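S.K.: What follows is each chain in one-letter form.
Number of protein chains: 2
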Amino acid sequence: MSSIQPVPSVTEDCEQLRKAFEGWGTNEGLIISILGHRNADQRKMIRATYAATYGEDLLKTLDKELSSDFERIVYLWMLDIPERDAHLANESTKKWTSSNQVLMEIACTRSAQQLLAAKQAYHAKFKKSLEEDVAQHTSGNFCKLLFPLVAVYRYDGDEVNMSLAKSEAKILHEKIQQKAYCDEQLVRILATRSRAQISATLNQYNNDFGHDINKDLKAADPKDEFLSLLRATFKCLTRPERYFEKVIRQAINKLGTDEGALTRVVTTRAEVDMKRIKDEYLKRNSVPLDKAIAKDTNGDYEKMLLAIVGRENA
Amino acid sequence: MSSIQPVPSVTEDCEQLRKAFEGWGTNEGLIISILGHRNADQRKMIRATYAATYGEDLLKTLDKELSSDFERIVYLWMLDIPERDAHLANESTKKWTSSNQVLMEIACTRSAQQLLAAKQAYHAKFKKSLEEDVAQHTSGNFCKLLFPLVAVYRYDGDEVNMSLAKSEAKILHEKIQQKAYCDEQLVRILATRSRAQISATLNQYNNDFGHDINKDLKAADPKDEFLSLLRATFKCLTRPERYFEKVIRQAINKLGTDEGALTRVVTTRAEVDMKRIKDEYLKRNSVPLDKAIAKDTNGDYEKMLLAIVGRENA
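Chains A and B, in that order, give the protein sequences. Numbering follows numbering that gives the first Met the number 0, in which position 166 of the first sequence is assigned residue number 165; successive positions increment by one, without gaps. Numbering follows numbering that gives the first Met the number 0, in which position 310 of the second sequence is assigned residue number 309; successive positions increment by one, without gaps.
What the hints contain is simulated information worked out from the structure, not anything from laboratory work. Treat the hints with care, since some could be wrong.
One copy or two, either will do: identical chains are not told apart, so a pair holds if it fits within one copy or between any two.
Taking lysine-lysine and the BS3-like style, the derived pairs with C-alpha atoms no more than 27 Å apart in a straight line are [stated by the list, open to error]:
| # | residue 1 | residue 2 |
| --- | --- | --- |
| 1 | 214 | 59 |
| 2 | 143 | 169 |
| 3 | 143 | 178 |
| 4 | 178 | 290 |
| 5 | 93 | 169 |
| 6 | 143 | 165 |
| 7 | 124 | 165 |
| 8 | 93 | 245 |
| 9 | 43 | 245 |
| 10 | 222 | 59 |
| 11 | 169 | 294 |
| 12 | 18 | 214 |
| 13 | 126 | 143 |
These numbers were taken from a predicted model, which means no experiment stands behind them.
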């Protein structure tokens, strides 16, 4: 599913990067031509080899040499996956606004093992748990939903209990009818059931009540922020590529691009499901994602985005 | 801290066990003399070697050959540690009564890594998550406390934030004054902070308000079951040996021993902190634990308990 092609010689990469930093100015093109085309394992080896060879943390050097959106995309791209998730989650607890869906996104689109790795990286880096920061820095209904989403070690198996799907579809429908959107039962189902089980429950909901659950939630109040988070949660758990397509679409279609969101989705999904997101983007917008990015961004930031998204596969 | 001495030759152990099952009746003494004196790694190897040699699961054979309390102690003793925790936790969600503190005990006396291993064993064995069973089978205040206790991947480090300890001691005191024992903030502190941080907070509580927090909770209502769970939670997080001493004391001092509790504590703590529990027991009861067990139990069950508790070190 990756848009990145493996390429050899870590030593050579390090030498080239070193050259890119030498003299007046920085050779951004060279940096993009290397780092934009290396997969996660290769980037990790480049960081380790660079530190061993030059006694410097490549991330710190990049931080000194680069700036603004280009700096951020290179930084996120170079972090280890669990480190990156920990970093994004921590940022999100610190500048918490109710519309910020990053914590939910990390909790719901990573496997149990990946979320655990992010929590371990969080312990190592911040000397505390992700859960305590989420519990402390969020509140009200948002906390009631986000805390269990972040905390639970979700079962990843494919087994589905159809009678449970039926009874829990009924519970979800009742709670939505009662406008009890943060009801304990509703949150319990969303936060603790496996993705396969939740998909079965939502299909059952559709069969028994004639609508997609997100349609009912949208009809209830299309502008309510908690409902919007709830819809995004259902989407992330069952059709993450649609959720990410929408995040990118909204980031690009805004007056002034939302570079934060665009950078986050591109760096975190490139090696996971970018192909599916691109397919979804093309279907929904009738424009290939790379063309849309090229139209809306520029300079080194644009070049790095396109290198990661993988123009040739679009 | 273990009361178990390592002894060699797994093959010989398997042959002896095989002999113990042969002919009419079972040689329980032989089983105790072997399994009662092997550590966790050795028991694991015995299970694997037995299966490879005789094509039988030793646990199933033991199940057929043994009965009642003796069967249960041998079974729990022979399970891998994470498997055993998963088994106990699952039993506890199935026969949930509000006075059942086993889920809290497992959540609060295991390290983050051990609790995670138990959750992974739970996934493998029951094809679902511990969290979904806890959320589904507990309710009310008990669920509000137990769910986050079980779910959180707690930070295990030693760092302590003293100003946080001061502010959170104040929150705890306020909530207890207001009799808001299941307040979100109180639960958040208990469920998400590291053990080191909670200890610092409770020390601060004692300094600032002149009492141990558990004294205040007991004074509020000594018979309330939720308050009793709350007190036990504070104890498990800060002084587990005292919690376990009390569980054993109450199991033994009952009219009719509580074999379930006694077996659970002996099998789960033997290789962790049994020495500290025995010290605590002697201090609190003026009788060594092995003498108390010998007085209150009998037969093969007694012999197995004493073998595990490690008479010679008492």
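S.K.: Hint by hint, note whether the structure agrees.
M.R.: Hint check:
1. For a Cα distance limit of 27 Å, the shortest separation of residue 214 from residue 59 qualifies neither inside one copy, at 46 Å, nor across copies, at 51 Å.
2. Taking CA atoms no more than 27 Å apart as the test, residue 143 paired with residue 169 passes in both settings, with 21 Å inside one copy and 23 Å between copies.
3. Proximity of residue 143 and residue 178 under a CA criterion of 27 Å is satisfied in both settings, with 16 Å inside one chain copy and 22 Å between copies.
4. Proximity of residue 178 and residue 290 under a CA criterion of 27 Å is satisfied in neither setting, with 42 Å inside one chain copy and 61 Å between copies.
5. In the homo-oligomer, the alpha carbons of residue 93 and residue 169 lie at most 27 Å apart only across protomers (23 Å), although the nearest pairing inside one protomer, at 37 Å, exceeds that limit.
6. For a Cα distance limit of 27 Å, the shortest separation of residue 143 from residue 165 qualifies both inside one copy, at 24 Å, and across copies, at 25 Å.
7. With identical chains, the CA atoms of residue 124 and residue 165 are at most 27 Å apart between copies only, with a shortest distance of 24 Å across copies and 43 Å within one.
8. For a Cα distance limit of 27 Å, the shortest separation of residue 93 from residue 245 inside one copy, 24 Å, qualifies, whereas the shortest one across copies, 42 Å, does not.
9. Proximity of residue 43 and residue 245 under a CA criterion of 27 Å is satisfied in neither setting, with 30 Å inside one chain copy and 50 Å between copies.
10. In this homomeric assembly, residue 222 and residue 59 never come within 27 Å of each other (Cα to Cα): the closest approach is 41 Å inside a single copy and 58 Å across copies.
11. Within a single copy, residue 169 and residue 294 get their C-alpha atoms no closer than 46 Å, and across copies no closer than 55 Å, so neither meets the 27 Å cut-off.
12. Neither within a single protomer nor between protomers do residue 18 and residue 214 lie at most 27 Å apart by alpha-carbon distance, with minima of 54 Å and 67 Å respectively.
13. Within a single copy, residue 126 and residue 143 get their C-alpha atoms as close as 24 Å, and across copies as close as 26 Å, so both meet the 27 Å cut-off.
The structure shown violates the earlier hints numbered 1, 4, 9, 10, 11, 12.
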